[in-house]
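Engineer: As given, the protein sequences belong to chains C and A, one line each in that order.
Under full-length UniProt numbering, the first residue of the first sequence is numbered 1, with each subsequent residue one higher.
Under full-length UniProt numbering, the first residue of the second sequence is numbered 1, with each subsequent residue one higher.
I should point out that these hints are in silico values taken from the structure, not numbers from a laboratory.
Hints may be right or wrong, so weigh each one.
Unchecked claim - Partial list, derived from the structure: chain A residues whose beta carbon lies under 10 Å from chain C:
id, residue
1, Q68
2, R72
3, V248
4, A274
5, F291
Heads up, the beta-carbon is just placed ideally off N, CA and C, and yes, glycines get one too.
The primary structure of each chain is shown beneath.
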Amino acid sequence: MRRVRAAAVGAVTLSLVLSAAACGGGSNGGGSNEQPKTLTYWASNQGASIEVDKKVLQPELDKFEKETGIKVKLEVVPWGDLLNRILTATTSGQGPDVLNIGNTWSASLQSTGALLPWDAKNFEAIGGKDRFIDSALGSTGVQAQDPAAVPLYSMTYALYYNKKMFKDAGITKPPTTWDELIATGKKLTKGDKAAIGVEGSNLSNNIHQVFVLGKQHGADFFSPDGKADFTSDGAVAAVKQYVDLMAAHKIVAPGNAEYAQNQSLSDFAKNKTAMVLWQTASATFKAQGMNEDEWGVAPAPVPSGKPGTGKQTNSMVAGINMAVFKNTKNMDGALKFVKFMTSDEEQVVLNKAYGSIPPVKTAQQDPTFSGPALTVLRETLSTSATALPQVPEESQFETVVGTAVKELFADAAAGRPVTTESVRAKLEKAQQQMPKK
Amino acid sequence: MTETVITPPSERTARKAAPGEAPAPRRSGRRRIALPYLLLLPALLLELLVHLVPMLMGITMSFRELTQFYIRNWSEAPWSGLDNFSVAIDFDAPVGQALLKSFLTTCLFTVLSVGLCWLLGTSAAIFLQENFRGRGFLRTLFLVPYALPVYAAVITWAFMFQRDNGIINHVLHDQLGIGDSPAFWLIGDNSFWALLIVSVWKGWPFAFLTVMAGLQNIPRDMYEAAALDGAGVWKQIRHITLPSLRSVNQVLVLVLFLWTFNDFNTPFVLFGKAAPEAADLISLHIYQSSFQTWNFGTGSAMSVLLLLFLLLVTGVYLLLTTRGRKTSDA
């Protein structure tokens, strides 16, 4: 009997110790080199599917293993889950060693303190900061702090147009200003055919679009000291201008208000929508059965004249960064892996596979990236793209303002008026949902 | 939360020490009493850990200023007193207003969903009580929504509700000619009804199953006697079936209420991370407040408020229904 009791007490104690250990993990700080032979890598879903990504990445990871003897365990994480997965990994401390992050989240994730800061020494280990183009480095964390991530793939927005639909409507060249876009758009909108597609229920896409329009109206959505400033006249005008494509000008089909899964690209491929503002859409068009000569690319519209900086901004700096979890057990291996992925050779292979632009200067010179479509994107990136505000609250901004735009599109689709006041009220509500500092 | 019902030790020992049996020595008797508890202890403690630890953590978080700056080591987040709660219930400010609106939406939604689930489930169970050809097939068919994985089922509904390509508008607008233009179901005001339809579709088979089980316990001769006395079908249902189902219904309605009020999967799969205002159910709302705007402290405070509300409602409900039953039993 005594033995039974001892066993029971033992079991209880053991279970308590185990659960306490499970709860307490995580928050310890620096990395080490305890496990030099393996790395875990979370890649964001870049290709048409997770399977496609595995096919693109695995041969490269095998190459890395051959060179260094380090085995990389790959997990491709879908976009919708990525931020939550990173947050969970941050809270528990049980994350990958190396991971991809959306570059607009850099400052938000930097503020959690979970990512390795890229100081001079770490940059040295991957060949130096000068290898990367400036605009891509602009989305790696809060200015004046060591970056939280390293650019991996770069993208920008451009205006994709459906050549057949343009020809049918007798239009010879793509619009370069917003006025032209609306005038052209009215010619293109007939019956079930619409001039331009939007993804009204996709919060991030909404943010990218209204951020660029905000720049054109001289608004930033954040004040210089980092406070949310969603209700400035410029911000209100930007959001209204975007929703008005549907509400006032009626050159967007109402159904687009519920789009969030790239349905506007399918409409484009089916000759139902003549234009889309998109980042690196070529792979998707190909997957939808469209030939490369069926669509054209032009710089996204600006208020007047040519795209440039400031009010002539016509894209945000889009792209993917690579980050290292501070508490990795293979710090040297992680740095080697980042170096490998940002090497000239790999940059060409990977960006070619994904239709994006290398943020590494020397890799960008490769002839692969000089076709007409990529030239537009490359020039936009180097001359007229602006990084989203690098503030810790960036990801919250995407959620609350993105939702406000979604609700305004829902109003427009239902035929309710979208006025300066209604836009301001929605943005006011969004601003009040931001965390108080 | 589950409760383990344990027979009081005094009763058990009383039963064990049957007349004629030699009374066990005092020491080993005490051991015998202690042993079952000791054996239960590990499970009980783990159960407590699994249930209580996260709950206590959640409650602690609701008193902290838990934002992205502290999630890496949340125990270091500064205490904020009742700030999170006051933000959550400040009904003049947007956060509180949105929470109140979401709460009211959820109340209306729950009442309608539970009511319809119960009505459909009970009607179907009564209808299928009679033996006829095809009864087995129908019984199986009715349980399909309950057997399907939630994600697969709800995503299919999301496709069906699409405005331009969904089958629902195809039937309503294209074939039956209802409305000038196809309606939106996944955004705007109709989203409430879309959510309700999916929720009832998903929930009623459980009511059906439960009521069907309850019906098995009603003796057939009661119906025969009533029929001999000239009671029609409606009278039989009113005076025999429903009163006999009382205790089954009591549990059924409570469980459906709790499930529906807390339902997260259905709106999340149907609408994604940002539900339309008209269908902003409270659990998704709290998720958005915590995970999308990274206000984990406020989100926890909202969860604690929700927990208190559900405990209160459940308590009052149990008090009312059990008291009612005692008087009717007496």
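Engineer: Closer than 10 Å between Cβ atoms is the bar; does F291/A clear it against chain C? Give me holds or violated.
Structural biologist: holds, 6 Å
Engineer: Report holds or violated for the interface hint on R72/A, using the least CB-CB distance to chain C and a cut-off of 10 Å.
Structural biologist: Check passed: Cβ of R72/A comes within 5 Å of chain C, closer than 10 Å.
Engineer: Does the closest beta carbon of chain C sit nearer than 10 Å to the beta carbon of V248/A?
Structural biologist: violated, 37 Å
Engineer: Given a cut of 10 Å on the nearest C-beta pair, is the interface hint for A274/A held or broken against chain C?
Structural biologist: holds, 4 Å
Engineer: Grab the minimum C-beta distance from Q68/A to chain C and call the hint holds if it beats 10 Å, violated otherwise.
Structural biologist: holds, 5 Å
The structure is inconsistent with hint 3 alone, although it conforms to all the rest.
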